[in-house]
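Colleague: Sequence:
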Amino acid sequence: MNPSGDSFRPWQHIFEFAAWGVAVGSADGTTLDMVNPAYARMHGYTVDELQGLPIRTVYPPHLHASISRNIALNHEAGHRQFETYHQHRNGLIFPVLVDVTTVKSDADEVLYRIVHIQDITERKKLERELEQREKFLENVIDYSAVGMAIADRRGRYTRVNQAMCEFVGYSAAELLTMSYHDITYPEDLDQNVEAREYLLAGETKTFQMEKRYVRKDGQVVWALMVISVIPSANGEIEYTVGQMLDIDTLKRTEQSLRESQQLLREMAARQQSLLEEERKRFAHEVHDELGQLLTALKMDVSLIRLNYGDRPELADKAAGMRDLIDRTLNVVRHISMDLRPAVVDMGLLPALEWLAQEFAEQYGIACRIEAAPLPGAPDDACVMTVFRIVQESLTNVARHARASQVHITLGYDDHGLSLTITDDGCGFQPEAVAATASFGLMGMRERARSLDGHLKIISTPGTGTSIVLALPCRKGSHT
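Residue 279 in numbering that gives the first Met the number 0 sits at position 280 of the sequence shown, with consecutive numbering throughout.
Possibly wrong hints are sitting among the right ones.
Stated by the list, open to error - Taking lysine-lysine and the DSSO-like style, the derived pairs with C-alpha atoms no more than 27 Å apart in a straight line are: (1) Lys124 with Lys134; (2) Lys210 with Lys134; (3) Lys210 with Lys250; (4) Lys103 with Lys123; (5) Lys215 with Lys204; (6) Lys250 with Lys297.
Treat the hints as calculated values from the structure; they're not laboratory data. All values derive from a computational prediction rather than experimental measurement.
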């Protein structure tokens with residue numbers, strides 16, 4: 000074949016200026032009959048230097064033995080593409096992509112081979128870097144102390160690490176046949192599904208929740224789960240990656256702490272109840288027993304004055320004793336009222352009205368009570384808790400608030416009792432007071448908690464203060 004003339008010139012240009020290296024090999028595959036400039040440059044030769052040399056010239060020594068086999072495969076296949084290594088004139092070995100076509104005659108005899116090669120050094124470098132990155136990411140997942148799992152849109156696991164397997168007690172092979180539905184505690188599943196739907200819809204990129212897993216052995220364990228999306232190259236969300244931090248010990252410790260706190264509150268409530276009972280008993284004894292004795296003594300002193308009125312010095316002494324007994328009776332009454340006002344036994348509202356009146360008279364601060372009709376009186380524990388909280392609140396107003404008026408609102412519904420105490424005083428920063436461990440406020444909160452209630456303090460400097468109390472009180476015997 001000896002093409003000539005203008006019709007051949009375009010093909011000659013393609014051969015000479017092609018970016019790929021192009022070579023034409025002899026029929027037996029041992030010689031480079033023709034090479035283009037790109038092929039020659041790729042191997043460190045000129046075209047004239049390389050043409051006519053053995054094919055093994057461009058192969059590293061360790062591949063010489065495979066040349067004959069490759070030539071046979073090329074002839075058999077007719078067209079073949081593969082990767083191999085060539086050697087530069089300076090000894091540098093580099094990777095190439097080879098595309099070889101065997102040209103045969105009508106009689107099926109091999110005429111020559113057309114070989115295209117491309118230096119793929121950069122591509123191989125990028126592939127190695129990509130492989131290293133992938134291996135690094137695989138190691139991050141595999142060797143992470145935190146459980147990690149990749150799931151598809153249906154929630155089926157496609158990749159899990161050893162920490163995840165140890166956490167839930169399943170092998171990787173078992174988990175790869177399952178979805179997160181299979182190992183999530185039933186009560187936590189709906190929240191998990193809803194949050195994941197937001198993720199897949201693109202409404203958020205990540206979410207976290209505390210959830211429970213059911214291990215293979217049936218044990219329920221807690222984890223802090225953080226899930227993020229893995230977008231594909233076109234931005235579609237096909238997978239999610241989840242990280243599970245084992246917080247089971249923490250949750251069990253929290254539960255034990257809550258139980259201990261509840262036990263302490265119950266003990267404190269019991270102690271408070273016993274204290275109130277003792278106060279009640281002691282108040283009655285002081286008021287009734289001591290009061291009766293002092294009254295009898297006062298009557299005896301009055302008889303002395305009547306019987307010995309003709310003796311001025313004795314009458315004056317009896318008058319002094321009578322005054323002393325009157326003062327003692329006053330002290331007894333005040334002690335009795337401080338221990339437990341008798342008005343408390345009349346019910347919550349009368350007790351609060353008495354407290355408001357006493358407060359207004361003693362401190363000159365107007366105190367108004369607004370109370371909705373109560374469907375039934377609260378029990379004794381509730382009455383005393385509310386009474387003591389109001390008492391402490393009014394004491395704080397008198398000492399610190401510089402208020403001119405106080406408004407107390409009392410209500411009762413299906414949820415229990417509600418109380419609001421509002422003053423127009425100077426106000427304060429609740430956080431600052433909390434930092435000083437105010438025992439008065441702490442005591443009010445603990446009284447509320449002892450009955451499963453809640454007390455909230457709302458205040459800012461210059462705007463007054465509101466104490467808001469909610470108690471799930473039971474109905475008692477008061478009317």
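Colleague: Need the list of violated hint numbers for this structure, in ascending order.
Modeller: 2, 4, 5 and 6
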